[in-house]
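Letter by letter, the chains look like this.
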Amino acid sequence: MNDKNKIIIGLILFFVFMTLPFWYNMGKAAPVPETKLTEKAKLAKECVKPKEVMRAEHMQLLDTWRDSVVRDADRVYINEKGKKFGMSLSTGDDSCMGCHSNKADFCDKCHNYASVREYCWDCHIEPPEPPKEKK
Amino acid sequence: MLELVIKGSKKYWALIIGLLIVMGIGFGFWLWQLSFGLGITGMSRDVSWGFYIAQFTFLVGVAAGGVMVVLPYYLHDYKAFGRITILGEFLAIAAVIMCLLFIIADLGYPMRALNVLLYPTPGSVLFWDMIVLNVYLLLNIVVGWNVLEAERNGIPYPGWVKVLAIFSIVWAPLIHTVTAYLYCGLPGRGFWLTAILAPRFLASAFAAGPALLILLCLIIRRVTKFDPGREQIQSLAKIVAYAITINVFFFLCEIFVVFYSRIPSHMDHIRYLFFGLHGHGVLVPWMWTSISLMVVAIGLLVVPVTRKNEAVLAVACVAVFIGTWIDKGMGMISGGFVPNPLHHVVEYTPTIPEIIITLGVWATGFFILTLLYKIAVSVKEEVSEV
Amino acid sequence: MENSRRSFLKLAGISALGLGTKPVLNAFASEEHKAEIQKKPEALKAKRWAMVIDTRKFESEEDLKPIVEACHKIHNVPEHTTKRHEIDWIWIDEFKHVFTNQEHEFVDDRVKYLPFLVLCNHCENPACVRVCPTKATFQRDDGIVLMDFHRCIGCRFCMAACPYGSRSFNFRDPRPFIKEENKEFPTRMRGVVEKCNFCAERLAVGKKPACVEASNGAIAFGDLYDSDSEVRELLKNNYTIRRKLELGAGPAIYYIV
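Chains as they are written, first to last, in numbering that gives the first Met the number 0: chain U, 0 to 134; chain P, 0 to 385; chain W, 0 to 256.
Extracted from the complex, chain U is given alone in its bound form (with noise of 0.2 Å):
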């Protein structure tokens, strides 16, 4: 019974260790961002998929042409609609970036906000920014 002083002070102890993150960052919670669309995306209106199922399951996709094209060199996607694709990361006109030309307001954005680093840039090379767009 005389270690209930010790035992106490080390609970708190755990506990506010454990709990350091959320403290940490309290008072710091940063707006959800909007992605940003090309001028070229939004006259396509529509990406591979419908807006809700690229924004969840984009790596999803990627994951498949990836395997597809390194693989089985499948590089050509049709979709539903029967519209086609570059099945490439950054490399055409057709490719994901051919479109998405804005890597720091389309992907940067959300990815620091969800803290998950995008490694495809370690080897695949960024488009170059385009010019800022007039206000």
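Honestly, I wouldn't trust all of these hints.
[To be verified] Below, computed lysine-lysine pairings styled on DSS-like, alpha-carbon distance capped at 30 Å:
| hint | chain 1 | residue 1 | chain 2 | residue 2 |
| --- | --- | --- | --- | --- |
| 1 | W | LYS243 | U | LYS83 |
| 2 | U | LYS82 | W | LYS178 |
| 3 | W | LYS207 | U | LYS80 |
| 4 | W | LYS207 | U | LYS83 |
| 5 | W | LYS44 | U | LYS82 |
| 6 | U | LYS102 | U | LYS83 |
| 7 | U | LYS41 | W | LYS39 |
| 8 | W | LYS207 | W | LYS39 |
[As the list claims (entries may be wrong)] In silico contact screen, one side only, chain W against chain U (beta carbon under 7 Å); selected entries:
| hint | residue |
| --- | --- |
| 9 | ALA34 |
| 10 | GLU35 |
| 11 | PRO185 |
| 12 | THR186 |
| 13 | ARG187 |
These aren't lab readings, by the way, just hints derived from the structure by calculation.
Here the structure is a predicted model, which means the values were calculated and not measured.
Think of the CB as a built atom: it goes at the ideal place given N, C-alpha and C, for glycine as much as any other residue.
Start from chain U and add chains P and W according to the hints.
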């Protein structure tokens, strides 16, 4: 039983803290390697495996060597070894953990290590090596822990533990065989392309493992109240004597085949290691040291008078351990890569950061070994006091 | 007997027709169809790709350097300053090193001093594919041995297995050592193995490998199982050698000496 690790003498804590410091420094350098890449090591396009894989290979042997106390006890009912099987099993645990850490240290992209499970490839020996090592680790943890706990409680260990123990006896040679198969099935590397490689690995394993165990027993006797026993140490010494003799014999078989057939792609590596090739020969003094140590050890171990003298025995065991370590930990891996497939002689020497990371892993292994042996010895002391 | 066979054939014919028209009918039934993945129509196809290097058309290293440069530039192969970190997809070496088992004291002077091109052999039985624990190195149906850099864990088992020394490892981040990036092709990151890919990315869009284009006709590329192909023509009319045949790997690079 875990509580036994936090009750120890000042010397015990000094050892623990010392090991932790080395581990910390090694870990720091590993973080550097992680961010910079394996370029901080001495490895190259030509010698693409180095110190890490060599340590791994040697330690798989040490782990497998632990079986040399387990086998006589469980299969031949050699009662004397009952006292020290736990030391063999705990040594195996520490050694296998070091092996796994060396593999991780050697990977270019360790964050992806689980791809081996995600895309299982039964055609790759590395896939099987991962399986045999992890299973062996698990077997030793389960068997060792249960036997020790039963001993502490003064009850016989459950029957299924014996089944697992016998299983682990079959498994031990397997881990080193599979490790040898990593190398000896590769078409373009004449040094490794020999059927004697797996047997050679096993022979040196059954020498190095028990030799280390003898040294550990002698240390335990000196620093604790538990005596592993003179008979036990002498029986181990005989095992080491046979194994190291067979190891040298296998090596001579290899030398005969290679130099009598005179096939250059097989000769060149051994010539590089022992005589140097085209003016390159950093390993020459090491290899001769290794051979001399092993030969001297055979003399000391085979002659009963010297073997029975424990001071001489300790010297012989150190000789066996260092001799086999140089043989496998230095010569075996770079020897296979020099000369390279285009017959260029590009030598390899580990860099300082590489050596520090290596020491860090060894320290981790000895840290785990210290904790486990602390538990085992405390239990043994407890039991003998009652 | 006669009757039943005829009726069977009729029945079979009708069902075959039915099966054949089903997709067509399906297409009419709705605008929406399942997503599809295809090859580009212009992609080059073969049963097994092979290469013939006519070394008679080379005289000195100067003839080979543009070929090496073309490959390395297009594939963002870095030029490391430390020898240890070197990465090569295609490189130049002497006869005695390339054909270690065919070199002898009295080889004629031309061959002895002639520089040879060395690259991945895209073996028929590749040891690197056999040993890879993640299938990051794999063999395509057309024989090309490729690497999936997304999957490589950097264990370097393939480098130990390759009997031709064709593989390199990224011992550090390659980017600072790439003089001029080709934006059409990715770089690699530290920690993965790389090697010649027989220009799979160019074949997919109907182009021949970069080294073939840069060789002024000294390197031929084609289908080994197409009797009319350029490589077959060359193999028929010239004596060719390959590297380390005794290992049974079945290299796809042939040299005319």
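Broken hints, numbered, in rising order? 1, 2 and 3
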